[in-house]
Amino acid sequence: MDDIIELIDVHKSFGKQKVLDGLSLKVPRGRTTVIIGLSGGGKSVVLKHMIGLIKPDQGQVLVAGQDITQLDDRELNQARRRFGMLFQDAALFDSMNVGDNVAFPLREHSKLNEKDIMKLVTEKLAMVGLTGAEVKMPSQLSGGMRKRAGLARAIALEPEIILFDEPTTGLDPLLTDAINRLIKDTQERLNITAVVISHDLAGAYRIAHNIAMLYQGRIVASGTPDEIRASQDPVVQQFIHGRAEGPIEVL
Amino acid sequence: MRWIGPMESLGRSFLRGLEEAGEILLLLVQAGLWLLRPPWRLRLIFKQMEFVGIKSINVVILTGAFTGGVFALQSHHGFVLFGAESLVGSTVALALTRELGPVLTALMVTGRAGSAMAAELGTMRVTEQVDALYVMAVNPVQYLVLPRIVAAIIMLPILTIVADYIGIVGGYIVGVHLLGINAGIFMAKIIEYVEVSDITMGLIKAAYFGLILSLVGCYKGFYTHGGAEGVGRATTQAVVLASVLILAFDYVLTAIMF
Chain S
1 MDDIIELIDV HKSFGKQKVL DGLSLKVPRG RTTVIIGLSG GGKSVVLKHM
51 IGLIKPDQGQ VLVAGQDITQ LDDRELNQAR RRFGMLFQDA ALFDSMNVGD
101 NVAFPLREHS KLNEKDIMKL VTEKLAMVGL TGAEVKMPSQ LSGGMRKRAG
151 LARAIALEPE IILFDEPTTG LDPLLTDAIN RLIKDTQERL NITAVVISHD
201 LAGAYRIAHN IAMLYQGRIV ASGTPDEIRA SQDPVVQQFI HGRAEGPIEV
251 L
Chain Z
1001 MRWIGPMESL GRSFLRGLEE AGEILLLLVQ AGLWLLRPPW RLRLIFKQME
1051 FVGIKSINVV ILTGAFTGGV FALQSHHGFV LFGAESLVGS TVALALTREL
1101 GPVLTALMVT GRAGSAMAAE LGTMRVTEQV DALYVMAVNP VQYLVLPRIV
1151 AAIIMLPILT IVADYIGIVG GYIVGVHLLG INAGIFMAKI IEYVEVSDIT
1201 MGLIKAAYFG LILSLVGCYK GFYTHGGAEG VGRATTQAVV LASVLILAFD
1251 YVLTAIMF
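So the sequence lines, in the order shown, correspond to chains S and Z. So for the first sequence, the numbering used here puts the first residue at 1; every next one is plus one. So for the second sequence, the numbering used here puts the first residue at 1001; every next one is plus one.
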């Protein structure tokens, strides 16, 4: 199976703090890969490397075989067209209503006329269960609705890859389940590559084809959910069983 | 914590100041380069012109009227000692067109719009909306910063014209109606002493002030970090820095032009 994203020996420090320490990771095309790990362990940093928001100090980030760390602005923008991204708090533009938010990438990057754009907006909002929310302002939406609107915007240009930054953090169990189902449905229906970062294991088991565990700046284990569950690695064991004692120092 | 001596502390803030000046100039260069490259976002520029210009008119009118009025009052107080009340009109008009119109307009707009630019861009930064622009392959300097700078450069001279005019009206009301200066003499002295160049130089200064307040507001907002507290800090710093720079550049520009 071919890999659409590959991180090779990526190092990244912020000031004196080393966040990624020789991280390597492969993301297979057309699958859902979930990256799990501790809070504040650099999961978002991994995601932001994939889309060129952060440049590594050292190492390569291959997207469809192209090293995006070497691209200039124009080429990087070209590469970014492959992606959609759902930010942690959705990052909807709060000066625009939901409809304009979803229409934003279409207006920027497609040659469609306004009528076709609005049709697509309606369609995308229906996909995420927000029919009729076009005229609402982001501030009027609940957390779960904001994430769904953010997802509608992320899939507007029908990208090949969608990155999810902690999509279920801060939601109640029912909404968590609904968002997980939405990720799974979207991935299957559009046949895209999904990269999800999460510390919600139950969700990860449900939606992932592959799980990778990030610990101390490296991927310490990766495999199918079953393989992860059966892993004998004490770090993985401690994390999936949620124990405070073990090789990971919690406090 | 290590003890930092006064010289080291001074050196550090000097270096930080240099660094900041460099970053501000880089942002200006980036915005300037985007000015040469389509798409030009006219709709966003007009929206910012409305925000910076139209919505500042009330505060500029109030500032202008009271400044002109108080200037007439003060100068009359002095001139009456040697019987030169007739010069009150031209004094008010010259002070406003050359100096007070552009500077006070710029300071008021800094407080209103420069602070709002820092707060808005800062909020967008800390809620990842700036990152979202990058991800959607839209350059935030071109989308957020450039329209604000262009709008402020266009609108500040226009607001200054309003301030000049209303200020002279304020001076006229106080001078003629309250202090009893002859209306004809008041106006004649304005026409005699105020040159067109006094007005245009003031407007050129205003355009520079527009650049300063928008650039500083955008810079502080764009590089905000540290959540809600960071947004508050960026907003305050934007107002303070822009105000100081406006006054400093006012001196420099005046020395060069007049």
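Keep in mind that the hints were calculated from the coordinates and are not lab data. There's no promise every hint is true.
[Unchecked claim] Derived lysine-lysine pairs resembling DSS-like cross-links, with alpha carbons at most 25 Å apart: (1) S:55 to S:26; (2) Z:1189 to S:111; (3) S:16 to S:55; (4) S:136 to Z:1047; (5) S:119 to S:136; (6) S:115 to Z:1047; (7) S:115 to S:136; (8) S:26 to S:184; (9) S:184 to S:119.
No experiment lies behind these values; they were computed from the predicted model shown.
Here's how the hints hold up against the structure:
1. S:55 to S:26: Satisfied, since the Cα-Cα distance of roughly 18 Å is no more than 25 Å.
2. Z:1189 to S:111: Answer violated: residue 1189 of chain Z to residue 111 of chain S is near 61 Å, above 25 Å.
3. S:16 to S:55: 16 Å, holds
4. S:136 to Z:1047: Roughly 21 Å separates the two Cα atoms, so the pair holds.
5. S:119 to S:136: Judged against 25 Å, a Cα distance of about 17 Å means the pair holds.
6. S:115 to Z:1047: Satisfied, since the Cα-Cα distance of roughly 23 Å is no more than 25 Å.
7. S:115 to S:136: 19 Å, holds
8. S:26 to S:184: The hint holds at about 20 Å.
9. S:184 to S:119: 24 Å, holds
Taken one by one, the earlier hints fail for this structure only at number 2.
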